[in-house]
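So the chains spell out like this:
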Amino acid sequence: MRIFHKTSFDFIRFRKIAYVFSLVILASGMISLAVKGLNYGIDFRGGSEVLIRFEKNVDVSTVRSVLDVAGVSGSLKQYGMDRSFLFSTVFNGDTNDLKSLVSHALNDRLKDNHHEIVRVEAVGPSIASDLKWSAVKALMASLLAILLYVGFRFELKFATAGVVAIFHDILTVLGLFSLLGGLIDFMPLEMDQSIIAAFLTIAGYSITDTVVVYDRIRERIRGQKPADYERIFNESMNQTLSRTIITSSTVLLSVLVLFIFAGPAIRGFAFAVFIGILIGTYSSIFVAAPLVYDWLRLSKSPVHLRGSKVS
Amino acid sequence: MKNKRFNLLLIAVVTLVAAWSLWPTWRDYSLSKQLSSFKSAPDSLRYTLSNRDEIENARKKSLKLGLDLKGGMHLVMEVDQVDLFDQKAGNKDAKFTAIMNTVRAKASKSDAKVLDILIGEFKNENIRLSRYFYDIRNSDQEIVKKLEKESEDALNRAKEIIRNRIDQYGVAEPVITTQGSRKLIIELPGVSDENRVRNLLKGTAKLEFRLLRDPEILVRTLDRLNTYLVQNSVAPKSAPVADALPSPSVSSQLKAPVPAPAATGQASAKPLYDVIGVFQNGTAYTTEHSKDYVVSLLHRADIQALLPMDTELLLAAKPEIGKNGEKLFPVYLVKKTPELTGGVITEAKATFGSQGVQPEVLMAMNSEGTSKWARITGANIGKRIAIVLDGAVYSAPVVQSKIPSGNSVINGIESLEEAKDLEIVLKAGALPAPVRIMEERSVGPSLGADYIRAGVLSLGWAFLAVSVFMLLYYKKAGIAADIALVLNIVIVLSVLAGFNASLSLPGIAGIVLTIGMAVDANVLIYERIREELDGGKVLKSAIEVGYDRAFSSILDSHVTTLCAAFLLFTYGIGPIQGFALTLMIGTAASLFTSIVVTKEIFSFLLERNLMTQKSFG
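Chains as they are written, first to last, in the working numbering: chain A, 692 to 1002; chain B, 1080 to 1696.
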């Protein structure tokens, strides 16, 4: 089976449209970030959460009113599993108080519907800020590492464009999280540690497709005149199009499986990685390589690529 | 040819090592399946006894499941360094207390080092550290170094003590690690009684024997406090008192306390006696309702300043039951300086008391403690000595005679379970400073079972989807990629089992992601081979060139993924580390499986003429 066999799309010609498209998406995400902000999960917000699961179906408003009457203040929402609710409230070092308050209230008023507290999480405010910082540090460090590595393997222009593409991918997903956060019931899209893991996964993977395209460009560009660059870039991208798409598809396939089967705890992560890889595939063709092309064109100096073999 | 033999040998060794590492996991699984198949208890018991070594061995070496899959508790505790530094200081005055309060407030908001905050505050106030810490002749630098050492020691000691407590309580495979300068991370798989464990861990277990002041002094002190509260009947008093003591019936429950008649209308005139009652014999009580308010009252600096020199008002740990069945907490006036502290305790034992119903804890002291205890008891016959644990009075027996044996006893304990826990904390020793729970995550076993089901389903479907895709798209070559994929998953699991790392739900997610990424290397190679074939190369050289040319892209993409996963592992905490770990192992392993293994398969097939141009789809 062969898909995208011997294509000849003129990617470079359409790059300006792609730039505009990317900027619009990025800008709308950033505006949403500024206006609406992010829906922080317990890791970064701090607080206590209990996950309650009932034996029989029960309405979210019923449970909410029971807890309200009992004077347990906090917010209750449906959790992405059957008959499960997530109750979140302020941080308290002793989760036992919270557990027994909730349990007593529910036992008193919903006697015939047995419940179980299946998970308790409490994150203190100082831990939350700790987690935030290590997330930022990890992200920055990995971007720097990728910049250095790709810079070492190719050239600084290539590496910079690659990292710009990674930023593009991560910021797009971040913007999407801000736009959609809290809107979809089975997928609240809260920012927590797992989303940071998703960002790092996207960062590490986004460059994969880019490197494949770069590799081909490097192989073909050596000794060519700058006037031929447009043709070489286009041909390289078309020649690698099939593998760019197939490699992404296998990963998308397994992430889709995670999204469907791995349950609500992983859903936000899977969503982020899925979108991130889609965007990453797009950006390696429409952002990273065209940026390098434009940069080479404007700087007018011939490229000195490392490691390109003539064979 | 030589190189090829080496590759085959390498593949064989890796496969064997992986199988060997996963063998106990398989045994453990089949043994427990066998066990659960027995219908009667005696049968399974007999089977367990006769195969005990094998069962234990398999269990010890099998792949561990993470807290989220097995159920259990993950705790992050913080050693209170402000308290620690406070303990180390001398010549404390109001200024010092003020500084420490600022430090405490700042430390609770940021994750900066407490010592840095402390130094900063002292600089702001332009006070040398030596005014309070260690020797006056020490320079600030020397003191900072000493305090740094002190806090490091405290963290390590706290870790040891908490490990002792957990070991004695009995949790299988606890993991306790330190993080940074003041945090302990504690992982307790399979804990069912979370509340008990929490209480066991968070108590400082600071045991003190303190002399009780005479009842007359207590009565006089309370009078003085009451007068003070009347004079200063400003804001703090009104609301909480009314709240804490909702009805006059509570004060009447106190059976007509001596200085405070059960007054109904005069609540505001006797603010203290609304919440504390005094009996004829000079003992004071508070009710369960007012307890919290009394505690907050006793913590106020202005109230503490009114107490006689070197004394403190403490509440009892457990209530006494009044005549009407109400719960009354005795209030004690004790000397601030303890006569003896828990450091001398060498042995503790939970038993039932003389009547055989009341649980109590017997304690034995070392020789130094024994002689001190003998002297103290000898000098205070007829007086009462309070046994104080973490600031709460457990009992305050009257000294009947000199105790030369170094024995003492804690009573006033509700249940044998609590007595057992006391025994544990006393034996393990006191923490150098109080610890607080900063983060807690616990997962019940039923949710864990759900997670396992979800994880296995995801693994199965992801493998099926990706391997079928490879077969469809690349035909025969897809088979090689799929074999490599199976080996990859086996390697990830065996590395986890071999290094005693545990598999969590995020870890499974990492494997699922690895399934999608591992075949990428094959895709890159196969696409290149197809290209070379299209270019007119013969199969054998197309394969050679394909592997050769694709290698650079594969290496680059794997290194970047490894970089990101490694940094995630370094900065990540708990569950995220599990994800990063499996992703790292999987990515690294796929360099081997997707390149070396598939290449060997192809050369095997080529030699037997089992491949054609069509084999790459």
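Please keep in mind that the hints were generated in silico from the structure rather than gathered at the bench.
Hints may be right or wrong, so weigh each one.
[Claimed, not checked] Within a straight-line C-alpha distance of at most 25 Å, the following computed BS3-like cross-link-like pairs (lysine-lysine) qualify: (1) Lys828/A to Lys1506/B; (2) Lys790/A to Lys1281/B; (3) Lys1349/B to Lys1402/B; (4) Lys1149/B to Lys1192/B; (5) Lys1238/B to Lys1406/B; (6) Lys823/A to Lys1262/B; (7) Lys1262/B to Lys828/A; (8) Lys1619/B to Lys697/A; (9) Lys823/A to Lys1462/B.
[To be verified] The following residues of chain B were derived to be distant from chain A, with all beta-carbon distances above 12 Å: (10) Val1092; (11) Ser1116; (12) Ser1187; (13) Asn1360; (14) Ala1533; (15) Ser1537.
[What the hints assert, rightly or not] Some residues of chain A that are not near chain B, with every Cβ distance over 12 Å (derived): (16) Ala709; (17) Gly728; (18) Ile733; (19) Lys802; (20) Glu812; (21) Gly853; (22) Asp876; (23) Leu891; (24) Val902; (25) Ile957; (26) Ile968.
Source: prediction; values computed, not measured.
Backbone N, C-alpha and C fix where the C-beta goes; we use that ideal spot for every residue, glycine too.
Enumerated hints in conflict with the structure, sorted upward: 1, 4, 5, 9, 12, 14, 15, 18, 20, 21, 23, 24, 25, 26
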